[in-house]
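J.: The chain contents come next:
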Amino acid sequence: MKRLTDTFGFVGRWILGIFVGLGRIGIFFLSTLRGIAYPPSKTGLVIKQIYFIGHKSMFVIIFTGAFSGMVLGLQGYYALSKFGSEGFLGSGVILSLVRELGPVFTALMVVGRACSAMCAEIGIMRIDEQIDALRCMAIDPHGYLVLPRLMAALIAFPLLTHVFDVVGVWGGYAVGVKLLGVNPGAYWDGVYRSLEWQDIWMGIVKSLVFAVLTITISTYKGYYAGVDRGSRGAEDVSEATTSAVVTSSVTVLVADYIITSIML
Amino acid sequence: MTEPDRELIRVRGLNSFYGRKQVLRDLSFSVEANRIFVIMGMSGCGKSTLLKHLVGLKPSPPGSIYIEGKDISGWNHAQWNNYWLRIGILFQNGALFNSMTVAQNIALPLMVHTNLPKEIIEIMVEMKLHMVGLSGTGALMPSQLSGGMRKRAGLARALSMDPEILFVDEPSSGLDPITAAGLDELLLSLKETFGMTLVVVTHELESAFRIGDQMVVMDQGRIIAYGTPEEIRQMNDPRVQQFLSRRPDEEHRDYDSYISRLCKVKRR
Amino acid sequence: MCSVEINRAGDDGDRLDMSLRGKLVRGEVKAVMERMLREIHSSSNLKHVTVNISSLEWIDTAGVALLVLFCQRIRAMGGTFRLVKPNEKVLKVFKLAQVEGFLSIEDGNDRA
Numbered sequence: 503m504k505r506l507t508d509t510f511g512f513v514g515r516w517i518l519g520i521f522v523g524l525g526r527i528g529i530f531f532l533s534t535l536r537g538i539a540y541p542p543s544k545t546g547l548v549i550k551q552i553y554f555i556g557h558k559s560m561f562v563i564i565f566t567g568a569f570s571g572m573v574l575g576l577q578g579y580y581a582l583s584k585f586g587s588e589g590f591l592g593s594g595v596i597l598s599l600v601r602e603l604g605p606v607f608t609a610l611m612v613v614g615r616a617c618s619a620m621c622a623e624i625g626i627m628r629i630d631e632q633i634d635a636l637r638c639m640a641i642d643p644h645g646y647l648v649l650p651r652l653m654a655a656l657i658a659f660p661l662l663t664h665v666f667d668v669v670g671v672w673g674g675y676a677v678g679v680k681l682l683g684v685n686p687g688a689y690w691d692g693v694y695r696s697l698e699w700q701d702i703w704m705g706i707v708k709s710l711v712f713a714v715l716t717i718t719i720s721t722y723k724g725y726y727a728g729v730d731r732g733s734r735g736a737e738d739v740s741e742a743t744t745s746a747v748v749t750s751s752v753t754v755l756v757a758d759y760i761i762t763s764i765m766l
Numbered sequence: 032m033t034e035p036d037r038e039l040i041r042v043r044g045l046n047s048f049y050g051r052k053q054v055l056r057d058l059s060f061s062v063e064a065n066r067i068f069v070i071m072g073m074s075g076c077g078k079s080t081l082l083k084h085l086v087g088l089k090p091s092p093p094g095s096i097y098i099e100g101k102d103i104s105g106w107n108h109a110q111w112n113n114y115w116l117r118i119g120i121l122f123q124n125g126a127l128f129n130s131m132t133v134a135q136n137i138a139l140p141l142m143v144h145t146n147l148p149k150e151i152i153e154i155m156v157e158m159k160l161h162m163v164g165l166s167g168t169g170a171l172m173p174s175q176l177s178g179g180m181r182k183r184a185g186l187a188r189a190l191s192m193d194p195e196i197l198f199v200d201e202p203s204s205g206l207d208p209i210t211a212a213g214l215d216e217l218l219l220s221l222k223e224t225f226g227m228t229l230v231v232v233t234h235e236l237e238s239a240f241r242i243g244d245q246m247v248v249m250d251q252g253r254i255i256a257y258g259t260p261e262e263i264r265q266m267n268d269p270r271v272q273q274f275l276s277r278r279p280d281e282e283h284r285d286y287d288s289y290i291s292r293l294c295k296v297k298r299r
Numbered sequence: 288m289c290s291v292e293i294n295r296a297g298d299d300g301d302r303l304d305m306s307l308r309g310k311l312v313r314g315e316v317k318a319v320m321e322r323m324l325r326e327i328h329s330s331s332n333l334k335h336v337t338v339n340i341s342s343l344e345w346i347d348t349a350g351v352a353l354l355v356l357f358c359q360r361i362r363a364m365g366g367t368f369r370l371v372k373p374n375e376k377v378l379k380v381f382k383l384a385q386v387e388g389f390l391s392i393e394d395g396n397d398r399a
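Residue numbers (my numbering), protein chains in the order written: chain L, 503 to 766; chain Y, 32 to 299; chain R, 288 to 399.
Just chain L, same shape as in the assembly (with noise of 0.2 Å):
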């Protein structure tokens, strides 16, 4: 019976400790949005992030964009090629990229690079007394460090998605039609002509709704980093760090799942 209740109890508690998780971070948005009514001005700060999360970002989004349109060539190559429609690889490699892929991939690259950098330094902050400083000169830390960056990331995030589209396109040809001998125009044809305005809004809207997502779940854990042991110690930073992006990640995969099936 008593392992019974412990059960429930702890069930019980997992499920409430969700709930609490899900309100606390709905508040830290919405404080975060205040922001924009507060001082300082966002302009400098938010170009300071776009810098941080594109710019610096773009190497690894090529690299990352130009292997996965290869593979995409090469794994649709030989399941086309089955039933001998090799035409159709400009049409699976574009769809696949533009509608999954790019919105994804793009978001798991930012995460990896920039979320966790963000975290971490704003972790960092916290431990280091550096928040509650900016509190006391009345400057508002979630208009402060939290707003500018979502800004950057709704900016970056599309640009960077489209970045990693394009070269994925020609990495898929690469493979495609050079190395495989498919048809150069029938490859661009499929391109061209599968291509819809709503798969584009499609992986518009996931890009956008990701920066939403990561940028606030990875400020979120930096800025309570160690703040519910009470404690102020380095490995509050690497906890909090190592939570930002594995939440983030896996928050991606599922609302990629919800809003593909909302939208097709």
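Everything labelled a hint here was simulated from the structure, so no lab data went into it.
A few of these clues could be false.
Stated by the list, open to error - Residues from chain Y shown here face chain R by an in silico Cβ test under 8 Å; the list is partial: (1) Thr145; (2) Leu147; (3) Pro148; (4) Ile151; (5) Met155; (6) Met158; (7) Met162; (8) Leu165; (9) Thr168; (10) Glu216; (11) Glu223; (12) Thr224.
Every residue gets a Cβ at the ideal spot worked out from N, C-alpha and C, and that includes glycine.
Let chain L serve as the given structure and place chains Y and R on it in line with the hints.
T.: Positioned in the frame of chain L, the structure of chains Y and R alone reads:
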């Protein structure tokens, strides 16, 4: 400038908890304007927690802290911002923003809250750095400074808005005696020149008695002495005397439980 | 409030006497600075500038910074700058900022 002798901060029966652990017990005292108020006590006695309450980083129960006669527990966002613009805080380890240079750190509140031209801000930054004895370090990053320098840069930042009330957490810990004495001198002249009110947390006896107009001595979350430096010196309370004469704590070390803990160490 | 009074003197307008009244504090500095700089930029042969601050009740570090900037600009133009008759409270602020030497502060007559 505030007029002297006016009661600026009033604390009445303040209790504070971290989870279930009570860290402050029934504290009551008043801080007058244009005075240096010193909070003394051993490490871990709740001094920094008290400071957090006074600056609004930890919420206070209703009716326990009044600033200029107003209960801070019911303050809204605007009232807090208004208060924060009037105070400066030196945190225990400086709390400099490590992505900015020292000069940018000091300039930040001025850039955000004032319409001052850039040249004026640059001159002000240089002036504050000079006041704390850090001339010429403006271009350095906080990570390039030693602990004591970081602390002084933090003080320069706390001074950047010419605050009415300055809260200082352990100003001289980690500083050599000469620099520490210079810092005491600076705190005194800030009071003298700007009519600033200072709340200083410290465990440096000599400095406390040198600068303090009023002081409290805390022990395990309680106030065990409250008065002017002379009054505190003449108190007969054994704990206060022990603190003042720097006698180590013999009776509190429980020998028996120590031995029993030693015996519990598992054999391998 | 801080008000600025300006008198041009000398044979060919090479002397400028200014006097500051009230409180020269953070909120006032920008306006006062624009007024003072406009004045020195409008004359080509300015040689001697005297700022009388006997009626200045109070100054904060932003105000001190303004005077330092002003003095530095005038000296860069080859002129001389004098600051006269600060009251006791204002003088203390100059001393804390350690600029009383740089600003060539003169007591004037009333305290001699």
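J.: Would you mind marking each hint as holding or not holding in the structure?
T.: Results for each hint:
1. Of the supplied interface hints, the one on threonine 145 of chain Y holds, with its beta-carbon coming within about 6 Å of a beta-carbon of chain R, less than 8 Å.
2. This hint holds: leucine 147 of chain Y has a C-beta 6 Å from the nearest C-beta of chain R, less than the 8 Å allowed.
3. Hint status for proline 148 of chain Y relative to chain R: holds, with the closest Cβ pair at about 6 Å, below 8 Å.
4. Annotation: interface hint on isoleucine 151 of chain Y holds; nearest CB of chain R at approximately 5 Å, less than 8 Å.
5. The restraint placing methionine 155 of chain Y at the interface with chain R holds, with a minimum CB-CB distance near 5 Å, inside the 8 Å limit.
6. Look at methionine 158 of chain Y: its Cβ gets to within about 5 Å of chain R, closer than 8 Å, so that hint holds up.
7. The criterion of a C-beta within 8 Å of any C-beta in chain R is met by methionine 162 of chain Y, whose closest approach is roughly 7 Å, and the hint holds.
8. Contact between leucine 165 of chain Y and chain R, as hinted, is not supported at the beta carbon level, the nearest pair being about 14 Å apart and thus beyond 8 Å.
9. A least Cβ separation of about 17 Å between threonine 168 of chain Y and chain R goes past the 8 Å threshold, and the interface hint is therefore violated.
10. Among the interface hints, the one on glutamate 216 of chain Y is violated; its C-beta lies about 11 Å from the nearest C-beta in chain R, farther than the 8 Å criterion.
11. Against a cut-off of 8 Å between C-beta atoms, the interface hint on glutamate 223 of chain Y holds, since the closest Cβ of chain R lies about 7 Å away.
12. Taken as an interface hint, threonine 224 of chain Y checks out: its beta carbon lies about 5 Å from the nearest beta carbon of chain R, inside 8 Å.
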